[in-house]
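Undergrad: My request is simple: use the sequences and hints to build the entire structure.
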Amino acid sequence: MRTTEDRKRDFSELPEDEDTVDTVIEMNRFNVWYHDFHVLKDFHVRFQKQQIACIIGPSGSGKSTLIRSINRMNDDMDGFFYQGDILFHGHTHTCSVYHTSTNANHLRARIGMVFQKPCVFPGSVYENVLFGVKYVKRHSKHEKQCIVEENLKAVSLWDEVSNRLQEKAAVLSIGQQQRLCLARTLAVKPEVILLDEPTSSLDPLSTLAIENLMLQLKKRYTIIFVTHNIAQARRIADFIVFMCDGKVIEQGTRKKLFSNPENQQTKEYLSDEYCEC
Amino acid sequence: MNRRVKKNLFLAVCWFSAAVCASLLLFLLSVIVWKGAQAINLGFLTSDSRKFGSEGGIFYQITGSILLITGAAFVSFPVALGTALYKSEYIRSNTLQRFSNILIYGLNGVPSIIFGIFGLIFFINILHVNISWSVGSIILAIMIIPTNVLAAYQSMNSIPKIYRESALALGLDRWQVTVRVVIPQGINGAITGLLIGLARALGETAPIMFIATAFSGIQLPGSLFEPVLSLPTHILVLSQQATNSKTLENAWGASLILILLVFVCSLSALFIRIKFKTMGQR
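Residue numbers (the working numbering), protein chains in the order written: chain V, 170 to 446; chain F, 820 to 1101.
Please keep in mind that the hints were generated in silico from the structure rather than gathered at the bench. Be a bit skeptical, because a hint or two may be false.
As the list claims (entries may be wrong) - Simulated restraints on C-beta separations:
1) V:Glu336 - F:Val852: 42 to 50 Å
2) F:Arg911 - V:Gln335: 22 to 30 Å
3) V:Asp247 - F:Gln973: 15 to 23 Å
4) F:Ile933 - V:Gln335: 35 to 43 Å
5) F:Arg917 - V:Phe206: 19 to 27 Å
6) V:Lys337 - F:Ala841: 38 to 46 Å
7) V:Pro291 - F:Gly925: 32 to 40 Å
C-beta: ideal position from N, C-alpha, C; glycine also.
TA: So, in structure tokens, the structure goes:
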């Protein structure tokens, strides 16, 4: 059986300029199959603390599978099979995401996720923010009120909904609903936030609001953001992973990838938004 | 034949089929209402039947039928809800899903008299239970479980996956997702299925006539193990004594009341279905 030491040795092959102390998520030769289809191929990536990492690539390149593998949302997918390892260096301890001793539900509370389409639960705005919190611990009415206010303020929604907390969340605009979903995720106090194309169904103003939020939230959280919008990656990313056909084609800082990409495919994709994988 | 003629011919066939279907129902209802209304008055609804149904009313037949289906509802609902949840949330294998569907549709296809015979052999002959309304309720419950399961399952299955995933992504486990997301949204389908099943169970004679009901000489049961009077059994026996015109009139009256009870169940099911749509249908 491979030990943590073995796994750490494997990471010696990763780019040396990155500071391993600040690493939060390490993917070590991670592979995913759905039945016979090899979706992720030998993924070897490191995501750093308090950074926005953007995963870019053409449709069908495996971006969503990648992000969903980090908090084990793929576990119930038909024919899901993995090989390799993902390490999560949390505030308190490090765990292997797919180790049998790792509780997937606890892990998901620490690695939150916001989906492409905003999904508010039936019930009020207030109930939506507290949806996941109830299962962490019991809170008094006052504490609940504080949690709702704090998290709605964190996503800049408080001013818009403070006087309508008891209204149905479904009446909010799509952009507001997406920010509510983010507030609901933040309320569980995650360390990492995964966002799977969260702005693809939003109008430009709401998109801008979410982007600004990401820039504020990165001071407190590690953000991994899937997008197919290159301009968006240019605006908010600190670190970019470009993937195609389930493989990492190139990864590096935003400055490096946009000004001096090493790979021809990266160059083509960043300039034409198209590439032959 | 050109396209327009074909289209009109097709429409005409469709209209004719729909008209045949609707007129059959209207004819049946009109006859029952016309014949039954003559028998119905306050006394008919509130008094006991006398002289083998030729006099008096059907009060204890109504209460007996309601008691039977209430018992059936209490037995069927939890079993159906549990089965639907298991199918919708826990069975991952397609083979198992297909197998469970075969079992459910198979149970649905069993003729009602077989349930009656099964109840007679199992409860009365083997377990030596008296002819009792509780046994009738259990048999009716078994009979309506498939309708109930399928309605509940379809309702749960129509909840978009994203709701379950959003709850899972907040750290909730599968049981918590079931309680917080699936049951609140699927319960209306389960209730709709239950009411449709009960509407069917109300009119069933064969499954209960050997094991749960008597024709006369009793009122309300004092315990779980006593027989009841019921509308379908009453109508069956009265119509077999059709020589007496007053008896036949009472049989039509009882039929009208039975149809009205079935309508109440069906309309409630329709109301619940419209009022409480699941997340996926919004």
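Undergrad: Each hint needs a verdict: does it hold in this structure or not?
TA: Here is how each hint holds up against the structure:
Separation of V:Glu336 from F:Val852 is about 47 Å and conforms to the stated range, judged on CB atoms against 42 to 50 Å. At about 38 Å, the beta-carbon gap between F:Arg911 and V:Gln335 misses the expected band of 22 to 30 Å. Taking the beta carbon of each, V:Asp247 and F:Gln973 are about 20 Å apart, inside 15 to 23 Å as hinted. At about 54 Å, the beta-carbon gap between F:Ile933 and V:Gln335 misses the expected band of 35 to 43 Å.
Distance hint check: the CB atoms of F:Arg917 and V:Phe206 are about 23 Å apart, consistent with the given range 19 to 27 Å. In this structure the supplied range 38 to 46 Å holds for V:Lys337 paired with F:Ala841, their Cβ-Cβ distance being about 39 Å. Distance hint check: the CB atoms of V:Pro291 and F:Gly925 are about 35 Å apart, consistent with the given range 32 to 40 Å.
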